[in-house]
Every structure is written in structure tokens, then in C-alpha cells.
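Following the hints, position chain B against chain A.
Those sequence lines, one after another, are chains A and B. Anchor point for the first sequence: position 33 equals 32 in numbering that gives the first Met the number 0, and the numbering is continuous, going up by one each time. Anchor point for the second sequence: position 487 equals 486 in numbering that gives the first Met the number 0, and the numbering is continuous, going up by one each time.
If you're looking for bench data, these hints aren't it; they were derived computationally from the structure. This one's a predicted model, so the numbers in the text were calculated from it and none came from an experiment. Treat the hints with care, since some could be wrong.
Derived pair list, reagent style DSS-like, types lysine-lysine, alpha-carbon separation capped at 27 angstroms [to be verified]:
#1 K291(A) with K239(A)
#2 K60(B) with K59(A)
#3 K59(A) with K563(B)
If you want the footprint, here are the derived chain A segments under chain B, 3+ residues with CB under 8 angstroms [said to hold, decoys possible]:
#4 52-58
#5 80-93
#6 244-257
Note that the Cβ used here is the ideal one computed from N, Cα and C, for glycine as well.
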Amino acid sequence: MTIQNQPVPTVLLDQVSKLYGQVIGINDVSLAIDGGVTGILGANGAGKSTLFKLLMGRLKPTQGSVRLFGINPWSNSAPYRKIGYVSESERLYDWMTALDFVSTLARLHGMTRDEARERSEHVLNFVGLDDVMHKEVGKYSKGMRQRVKIAHALVHDPDLIVLDEPLHGCDPIARTSIMSVIRELGNQGKTVLVSSHILQEIERITEQIVILHNGKLLAIGNLHAIRDLLDNHPHRILIKCENPRSLAAQFIERDPVYGVRFPNEGELEIQTNNLAKAHSILPSIVLNSNQKISSIENPDDNLDSLLGYLIGDANDG
Amino acid sequence: MDKNDKTLADTVWTRLDRKAGAIIELTARQLRHRISTWVVLGIGVALMALLLLFYVDSVRKSFDPIDNDGDSVDEDNDGYPLGQEMKYGTSDYDASDFPGSGFYIPEDEIDWNDNVRTFSGNKTWNGAAFFQYEWIDYNYTGDWWDDIVDWDSELSSCPDGQIFIDWYPSYGEACIVDTDEYFIYGKWKGNGLATVPEEWELRWGYYSESFEVTPDPPEMYIDEDDIDCFDEAGNRVDCPSGTRLGGSHGFDNDGDCLREEYMLSETNVQLALDYDLYYRFQDDRNGNGIKCDVFWLVDADGNEVIGISADDNVDEDPNDERYVGELSHRTFIIGVGKMAFVILLGLFIPLFLSLGLVRDETENGTLHFLLSKPIHRGEFILYRLLGYLAIVASYVIILALIVGLITATLGPGDQFFRFSDLPVWLGIGISTTFVLAAYGSLFNTMGLISPKYGVYFCIIFGIWEFMMGTFSIINPNWTVSSISITHWALQMIDAIVLMAWPDTLQWAEIGLAFNIETGLSFFWHPPVHTLGTQSPGVALIISTIVLSLVSFSMIGIGQSVFSKREIM
Numbered sequence: 000m001t002i003q004n005q006p007v008p009t010v011l012l013d014q015v016s017k018l019y020g021q022v023i024g025i026n027d028v029s030l031a032i033d034g035g036v037t038g039i040l041g042a043n044g045a046g047k048s049t050l051f052k053l054l055m056g057r058l059k060p061t062q063g064s065v066r067l068f069g070i071n072p073w074s075n076s077a078p079y080r081k082i083g084y085v086s087e088s089e090r091l092y093d094w095m096t097a098l099d100f101v102s103t104l105a106r107l108h109g110m111t112r113d114e115a116r117e118r119s120e121h122v123l124n125f126v127g128l129d130d131v132m133h134k135e136v137g138k139y140s141k142g143m144r145q146r147v148k149i150a151h152a153l154v155h156d157p158d159l160i161v162l163d164e165p166l167h168g169c170d171p172i173a174r175t176s177i178m179s180v181i182r183e184l185g186n187q188g189k190t191v192l193v194s195s196h197i198l199q200e201i202e203r204i205t206e207q208i209v210i211l212h213n214g215k216l217l218a219i220g221n222l223h224a225i226r227d228l229l230d231n232h233p234h235r236i237l238i239k240c241e242n243p244r245s246l247a248a249q250f251i252e253r254d255p256v257y258g259v260r261f262p263n264e265g266e267l268e269i270q271t272n273n274l275a276k277a278h279s280i281l282p283s284i285v286l287n288s289n290q291k292i293s294s295i296e297n298p299d300d301n302l303d304s305l306l307g308y309l310i311g312d313a314n315d316g
Numbered sequence: 000m001d002k003n004d005k006t007l008a009d010t011v012w013t014r015l016d017r018k019a020g021a022i023i024e025l026t027a028r029q030l031r032h033r034i035s036t037w038v039v040l041g042i043g044v045a046l047m048a049l050l051l052l053f054y055v056d057s058v059r060k061s062f063d064p065i066d067n068d069g070d071s072v073d074e075d076n077d078g079y080p081l082g083q084e085m086k087y088g089t090s091d092y093d094a095s096d097f098p099g100s101g102f103y104i105p106e107d108e109i110d111w112n113d114n115v116r117t118f119s120g121n122k123t124w125n126g127a128a129f130f131q132y133e134w135i136d137y138n139y140t141g142d143w144w145d146d147i148v149d150w151d152s153e154l155s156s157c158p159d160g161q162i163f164i165d166w167y168p169s170y171g172e173a174c175i176v177d178t179d180e181y182f183i184y185g186k187w188k189g190n191g192l193a194t195v196p197e198e199w200e201l202r203w204g205y206y207s208e209s210f211e212v213t214p215d216p217p218e219m220y221i222d223e224d225d226i227d228c229f230d231e232a233g234n235r236v237d238c239p240s241g242t243r244l245g246g247s248h249g250f251d252n253d254g255d256c257l258r259e260e261y262m263l264s265e266t267n268v269q270l271a272l273d274y275d276l277y278y279r280f281q282d283d284r285n286g287n288g289i290k291c292d293v294f295w296l297v298d299a300d301g302n303e304v305i306g307i308s309a310d311d312n313v314d315e316d317p318n319d320e321r322y323v324g325e326l327s328h329r330t331f332i333i334g335v336g337k338m339a340f341v342i343l344l345g346l347f348i349p350l351f352l353s354l355g356l357v358r359d360e361t362e363n364g365t366l367h368f369l370l371s372k373p374i375h376r377g378e379f380i381l382y383r384l385l386g387y388l389a390i391v392a393s394y395v396i397i398l399a400l401i402v403g404l405i406t407a408t409l410g411p412g413d414q415f416f417r418f419s420d421l422p423v424w425l426g427i428g429i430s431t432t433f434v435l436a437a438y439g440s441l442f443n444t445m446g447l448i449s450p451k452y453g454v455y456f457c458i459i460f461g462i463w464e465f466m467m468g469t470f471s472i473i474n475p476n477w478t479v480s481s482i483s484i485t486h487w488a489l490q491m492i493d494a495i496v497l498m499a500w501p502d503t504l505q506w507a508e509i510g511l512a513f514n515i516e517t518g519l520s521f522f523w524h525p526p527v528h529t530l531g532t533q534s535p536g537v538a539l540i541i542s543t544i545v546l547s548l549v550s551f552s553m554i555g556i557g558q559s560v561f562s563k564r565e566i567m
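So here's chain A without its partners, still in its complex pose (with noise of 0.2 angstroms):
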């Protein structure tokens, strides 16, 4: 067969359906992934964890096949050696220490018990974790114990590295450290993929990414591309002040902003159909106005916003 000859792509998907009874896991996906970070986006429910989970040989695909280089995860467990999982599941276990924890699981790999430490107390340093990797897990806060499933993943220096959901509950120092190892290990030419439900995390870790819905692949593509699309549409922009209406005043008359709202006391609404546009003027009239400002959001750069534009372009189309 001419296909062995080719290079089998890192994470393939044909046409692959998850039915739980009745109700839908995944629906006729198709995915070929290779290289680089790629962001499962999806709201809750919409399949993420299950196509992990399909990924990771823990269900087997109602309908059509999955393959990891090549081979597939259901009956097979050899690509694990070149797989590191983040699951979603809080569990650890809490009387081991991380090193204790990370260099067990290392010896699953096949390492004897000198090189496991060695490479969990390498891993757990590059995590971040080397000032307390003898403490209990137990002891530790959930961007620690994020961290500590990170380092059991990348204990084997895998291929491919997939992360259920890294970020969930972490607070935002850890968040940081996260997403700064999540972009060195695709710097380094791994194919990694995580799922988030959270917009501006997927943007501060990588632009190709995955959008799930209902179980549906939904797009799949350069993030800034989907993004550009997005910022074209009306975006509100809500700025907390102590004088809304005379910051209104001078947004007015500029370009993209078509309109403004005073929604609640000491809250000013701009209303835009170019978001970057708009976010380039904010600072200079921001500093003219002489006000002290004390948010600014984006309540319609989200997920759901995205989402919403994806489907209604879709329902459109």
C-alpha cells in the first residue's frame, strides 16, 4: 500500500461518532493534527472530554476510526509511549509527593527507578514545581496540582501531548506558567493539544485551533482569521468610570463606534462593528478624558459570542 509510505499524521479522525445511548458524544468528526499547539475549543457538553477520551483508547468510537500514528488507541496501547495525557479529573493521589507521584508513573514507561526520578525532577522543575516537589499533593493548590498532571504527561518526553481542560480552576499566576509551558513544548515541535471553554485562553496560547459544537466540528483554522470575521461584527465594549457621559462624549464622534449606553451607574456602552479599530483609539481618548478608570471589558469577545456568530453565519450560509 502507497499510504505506508506517507507520513501518517500524529491525531486522525474519520468520520468519527460517540453515541452515549441516545444522546450524542461526537458527530461524524473528521481531524488530521500534526505539529504545533492546536486548541480544542467548546462549550461545556460540547464534546471535548469525549474526543479526548476516544483519543485516549477509554471509549471506543461508535462509528469510524481513530487513529495515533498511525495505530488504534482502542486495542492498542502501544502509542501511549509517545502520549502524554492531561484528563480532566481532579483526582490524585494526595499521600503521594509530586516527585513520589510523577517518577511512579514514569516507571510505567519501562524507566528504572534512577531514571524516573531523574526525569520527574526535570519535568517537575520545568513545571515550575522544583521548590516543593517533596510535599504531599495533597498539600497542594489546583494550579499545583494542574501542574503536577502536566509533569506526569511530559514525563516520557512525549510526541504528542494532549491537555483535557489544563486550565480549569487554576488562579491566574499559575494560569500563566501554564500557558508559558504549553507554547515552550509546541515551540519545540510537539503536537499538543488542549481543550478550553475559554476564549482569551486558547488566543494567549495559540492560533490554530478547533471549535466544537453539539458534538459537531464546528471550524477548524487560524484563530485570527475566525477572529477577524468576528471583530467586523457589532462588539460592545463596557468601561467602568466615574463620569460615563463625558467619556461618551468624545467616543461619539470617532469612527467605529456607532453608538453608547449607560447601563448602570458609572458604566459607559460603546457599541462598535470593529472591535481592533476600537481598541486602538481607547487609550489616547482614555488618557484625554482625565477620569479614573477602573475596567474595561469585552463582554462580547467570548466563546459564546464566537460561537453565536459561527452558527448564525452558518444558519446564514
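For chain B alone, kept in the frame of chain A given last:
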């Protein structure tokens, strides 16, 4: 050879080893961090401590000398214990009948149809007669309940008319006929002329010389007749004899079978036709033609005692430290091994520790970490079970050896330490390990097949196993009980006991034959499944194979169930 110049075996095996090692270690450490593990294992230790207390309190007491045949008592308070009275053939229910008291020897009689109806002399009489006396022994007097005439109460004149026609005396009565003549019906002593009424009878005889016998202290009749065995040369050896098992053994150490000082010689006994003493004198009850011996019956190849038959009063009060102690000690070990180790620990440890070995990991979600590693799910189950076994097997083996060390130090016998106990305790530990493996893999599989209801199945199964285990102890030959895991582990213990103490068969027979009721023959039976060889080794191998097969098939079922299971 792969590119790193390692042989295939090298790479495959060391990698397997490392994975196995990691999961086994993880499982063992996990169990160590669970409170339920320590509770279950702690209860096991407490149970053993309790049984050891029982051992010290009860089993060790049985090493104290006791009067097995009950012949140290003196029922009639004549100062002579039963054992001494038996030697002299006297009764322990009659204070006038005691060693040296002399006894009645019958001489002759006048029958109901004899023509000569008178006899004169100084005799002890028994019957009905008009007695013209020269002398009457008024000291030989009786009470209303014996047959001896009561001379102490006032005698009246006999009524008019013909005796036995017009009036009837009662037995043991006398009445006055004339100044020197009585009518007497009963027993009396006197010198004179007796005339027997028509159709009545009179017997007479004399009492043998009385002599002085010093009463023995009752302690003499405790452990006074030990079990005796002899070798080919006739030298006394420890029982059961290693060199000459079968044949005539036994010796009547206390002389209550041989009865050399017995008051009746055999000729006298022949004379005493009407005297029940004859029937008391039985010195070859087992009918092997040898008086006062113990016959040990062996099987065809002569190495197993299958029956012991003792003449009356031979070897009937054995040395308690040696026999009762040894039997109780062995019974304790076998009983504890079977009931406490195999049935209780064997069932409850897996019920608490193995049911959730894989199931709990699934429920906690920690399974995802383990299964995202290059390890087959089937392998995972096997290593989990090995990790569980590593903990529980070392627990039961160490526990068995500790209990073994204590009882081997406290146990009966001359030696300071009973080394021969240790293989049995080790065997108990190993048998329990096989049970733990079989139940462990079964319960784990049940937990996998039905995470919700598996535990109920396991409890019902546990009740079945408990019942079958109990039946297997009582009667291992009952075929139905072999459809259980405990049965085969109990068979292992039976076989190991017989291998470590080959004389246990004899000991069980000794317990039965000499009425040493320690329960050895209840708790221990020769192994059943020997394919007709009666070899404990064969039974041990068969039981081991059966238990291993159960374990492996259960692991196999669990593996195939788990491999097809979708994990959320």
C-alpha cells in the same frame, strides 16, 4: 537483538519488570495509606492475640496431669481409691468390700428338690432355713436394703402355721422358733444345724481371710497408666512407635488389668459360678489372645495406623503433658489455621481489600493516569492483584509465623522449641495466601463486572464459602463442599500437616482409642484428593493447582471484562 544490542528477553522482560514493579509498589503503598487496610489487618492481629490467650489459658492447662479414667475417686469412702479397689476386685460402691476385706467363697447348697434337707457347720449362709444354733455372728448384721439379717432390731416369735403357706417372711428377716432355734430368710453367719423347708433352698460358704492393705493415695491414680509402645526388640519406645507401628503394644502400668493381687484366682473364679465377679474380670477385651495389651492395627503397607483397640484398663490414663498436650497443641494449630486463617482472614481480607482494587481507581478518576501509560489493561489488573497479594501474603505469613513462634515456645514436649511446628505454620500462611489470591481475583473481577452490585454477590459467595468451609472441616469427603475455594485450601492444610507431622494419623487414632477428646479428629482428616495414592504430596499439588486455576481464570475473566470496558 535490537539496535541497542540488547537481547529481546532483556528488553521485554526488564520493561515488564519495571512496570510490574511500579504498579505493585503503587498498589501496596495505596493499601498502606488506607485506614480500612489497617482496620482489617488489625482485627486479624487482635483475633490471633485472642486465640493465643485462649491457647495459654485453655490448651496449656490440658498439659496439667488429669485423671483421664476417673479412678482416683473413692465413691464409698472406704479409704481406697477406685483404682486400688479394681486391682483387688472389690467394689467402690460398698464400704464393706475393700482391698483385703476378704470375700465370700461359696461351697455347697441344698436345692429345692434335694432329698437331704439338713446341713450342719460353721458357715456363712444364704437362703431359707430353720437354724438350731450354737453360735451366731451378731456383728454380721444388715439393713433393710441388703440381704443380711438385721440382728440389731428386736426379733419376734414366728407366727403359728406352716411357713410359706400360712405366713411369709421377707428376705433379710429372722424370727424366733425356740430358745436355740430361729427361722432365718436371708444371709447370716453362724454355727449350727440348718433344716431347709421343702421346695426352698440354702447355699453356704465362707469368707476368705481378711488381710491388711494400705490405702494408696489418690494421686497415684492420675497419669498412672501411660500409653506404651515397643520396638521389635521389645524395648519401650515413644508412641507412636516409628519402627514397629502395628501389633501388640501397651502395658498395664498400674496393674488394674493384670490384677496380680486379685482376690480370685482363676480356679476360684471357676468355682464362683453364680458370682458376678467373674464377669468383672475381663483381660482380653480386644480378643487378640494377649492379655492386657493394646492392639495397633496398621494398613496393608504397614505405615499407617488405622485403628487402635485396647484391653480394659490398659494405657487408660496417659501422661497428659505428652498426649493430651500434644493432641491439644496440634488441634489448636490446625483449628486456628483452618478457622481463623483460611476461613476468616481468607474471606474478610479480600472482601475489604480486593473488591475495589480496579473499581475504585475507575471511580476516583485516578485510573486515567495509569491507563495513559503504555500498559495493557490486562497487565494492569494482574499487577494490581500482585500488589494486593504482596501486602496480604506477607501479612498472613508473618502473622502465622509469629503465632507459630509463640506456640512453639509455649507448646508441650521436652524440647525448648518445637521446630516441627514451623513448617505447618508456614503452610497455613501459604494456604491462606492461595485463598487470598483466589478470592482476591474473584472479588476484583466481580467488582469489575458490576461495580454496583458486585459486593452483594461477593457477600453471598462469602456465605457459601463459609458454609462449605465448615462442612469441609467436618467431612472433607462430602463432594459438594469441593465446589468451593476454602475446601481446597483446607485440603492443603490437611496435606501439609500430614507432611510436617507424619504421625498425625496415629495421633488422631490415639485420641479416639484412649478417649483423649481434644478435637484433633474433628479438625483434621487425612487429605481426600490423593488420586488413590494416599500421598499428602499429591493432595497438596492437586489443591495448589485447583486454587491457581481458580485465580488465573478469574484474572482472565476480569481482564477480558476490563479490556472491553469504556472508561468515563
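Now for the hints, and whether the structure bears them out:
Annotation: proposed proximity of K291(A) to K239(A) holds, straight-line Cα distance about 9 angstroms (limit 27 angstroms). For the proposed pair K60(B) and K59(A), the alpha carbon gap of about 67 angstroms is over 27 angstroms, so the pair is violated. Annotation: proposed proximity of K59(A) to K563(B) holds, straight-line Cα distance about 9 angstroms (limit 27 angstroms). Only when three residues or more bring their CB closer than 8 angstroms to a CB of chain B does the claim for the segment 52-58 of chain A stand; here the count is 5, and the claim holds.
Beta-carbon proximity to chain B at under 8 angstroms applies to 10 residues in the segment 80-93 of chain A; the threshold of 3 is reached and the given coverage holds. Remark: the segment 244-257 of chain A is not confirmed as covered by chain B, as 0 of its residues place a Cβ nearer than 8 angstroms to a Cβ of that chain, below the required three.
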